[in-house]
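Next come the chains, spelled out residue by residue.
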Amino acid sequence: MIREPPPFFHRGPSPLARLTFFALLAIATMIADHRFGALEAVRLSLSVLVAPLQGLAAAPGAALARVADYFASQDRLLRDNEALQAKLLEYSAAAQQAKLLAAEQQQFLAMTPPRSRFGAEGVIAEVLTYGRNPFVRKLVLDKGLTHGIKAGMPVIDAEGVVGQVTAVGTFTSEVTLLTEKDQSVPVMLVRNGLRAIAVGSGKGGSIDVPFMPVSADIQNGDLFVTSGIDGTYPAGLVVARVAAVEKNAAYVFARITALPAAGVDHHRFVRILTSPRPALPAPPASRPEERRAPARGRRQP
Amino acid sequence: MRPADLTPVARDVMKLPAGPGLILASLVAAYLFNSLPWAGWALLARPDLVLLVLVFWAVHQPGSVGQGLAFALGLAMDVGDSMLLGQHALAYVVAAYGAQVIRVRVLSFAMLEQSLHVLGLMVVATAVIVLLNLLLGSPAPGPAVLLSPVIACLAWGPLTWLLYLPGLRRMRREAAS
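Note that the protein sequences, when read in sequence, are chains A and B.
Each residue of the first sequence is one higher than the one before, starting from -14 at the first, in the working numbering.
Each residue of the second sequence is one higher than the one before, starting from 5 at the first, in the working numbering.
If you're looking for bench data, these hints aren't it; they were derived computationally from the structure.
One thing to keep in mind: the hints can contain errors.
[Unchecked claim] Pair ranges (Cβ atoms, derived):
| no. | chain 1 | residue 1 | chain 2 | residue 2 | range |
| --- | --- | --- | --- | --- | --- |
| 1 | B | 166 | A | 10 | 26 to 34 Å |
| 2 | A | 46 | B | 150 | 24 to 32 Å |
| 3 | B | 158 | A | 216 | 33 to 41 Å |
| 4 | B | 140 | A | 47 | 28 to 36 Å |
| 5 | A | 56 | B | 158 | 31 to 39 Å |
| 6 | A | 61 | B | 176 | 29 to 37 Å |
| 7 | A | 12 | B | 177 | 41 to 49 Å |
| 8 | A | 12 | B | 181 | 48 to 56 Å |
| 9 | A | 13 | B | 25 | 32 to 40 Å |
| 10 | B | 166 | A | 61 | 37 to 45 Å |
| 11 | B | 166 | A | 46 | 18 to 26 Å |
[To be verified] Covered, in the sense of this in silico footprint (three residues per stretch, anywhere, with C-beta under 8 Å from a C-beta of chain B), are these stretches of chain A:
| no. | stretch |
| --- | --- |
| 12 | -2 to 7 |
| 13 | 191 to 198 |
Computed from a predicted structure; not experimentally measured.
We put the beta carbon where it would ideally sit given N, CA and C, even for glycine.
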């Protein structure tokens, strides 16, 4: 007969049993989070708990930055001011044109069902930190659920698209940058209207444009803007400029590398476009396999 | 007073247990350290202080800190670092298990050998996280990631000294009274 140890020595399950239990739990958590995105509620509630600690840890850096800002040299401010003035003039001309175009578009839209591809509403957000994830670079912004931010909203700066909101906390949200691996945006070449998909390369802050035939009319310096066909990004936002085109007849596709137009990782303020997504038109019923939107930004882990 | 038997294991048995306040405070401080705005290669080389403190308590006080707390802390780290939920949890649970298995052995060594044992645990935990991310298709991290366990292992000595102090002081006080 095996004698039970006295309750004094009772210590619950063995370490190995515990390890098995917790390891399986951790793996189940990862699968639930990665495959199904099922743990947003858990993440949200935990983020509320750790938010004060995060804020406390960020405080010294923020204070230093503020002091540095305060002592920013006069001539740098003057220079910035001049640049901003120039930009303002440049944009005011464009804005007047845009007004005209918008008015025209209104007239056209009045004739068709009410559905605009152009997003106008947005929220200005400050970049709090660059996420501390060494595998996926992200920005953490100071606007979250309480400001009406939702996952999937595009984020832009003065020059172009920065990325896409991929996770939302109560008061903060995370933006996955355009240049991250597998982050894709449907784009259009301004010069000739050629459609393509821009995919982040994940290294060196560049963007690849895969699956373009060697014969495609793409040149260095060409500008890609969002085409707006995915229902995530509004049309006409500047995405990237072609930096290198490598055409080798031995391959079916050309190798096209582009650089993002936006300062993808050096800005303090960005704009989150919050206008409601236009509904996609119903897909043709005959080809059910094409029903998925072509390139929504993939959820990043 | 007769000098007590001060072989390392006996010393550990004689030590007064640390209160939950000290454990909590040390873990919160470590979490704050991990949450500093690290970036670039410094982020890769960041010693995981939360894991180190966790291993410390798992070795010195297995009754109060175990795999359950390791799992919870791992989830907190995943949320803080905006990573896939569960990967730090897995790494921490594995490290806590390792600490439980080798704790008696570790405590019988001097500080240098203790640090080397801790280095092993740190390497395993880092490897778990890096391998998981490679599996998920992330690009390989830079070589700076190798620094992280080494720095953590160097911090083991100072950490032991720091977290022993309150207990030592209490022991002296009680011996004096």
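Q. Which hint numbers does the structure go against, in order from smallest to largest?
A. As far as the earlier hints go, 3, 6, 13 are violated by this structure, in ascending order.
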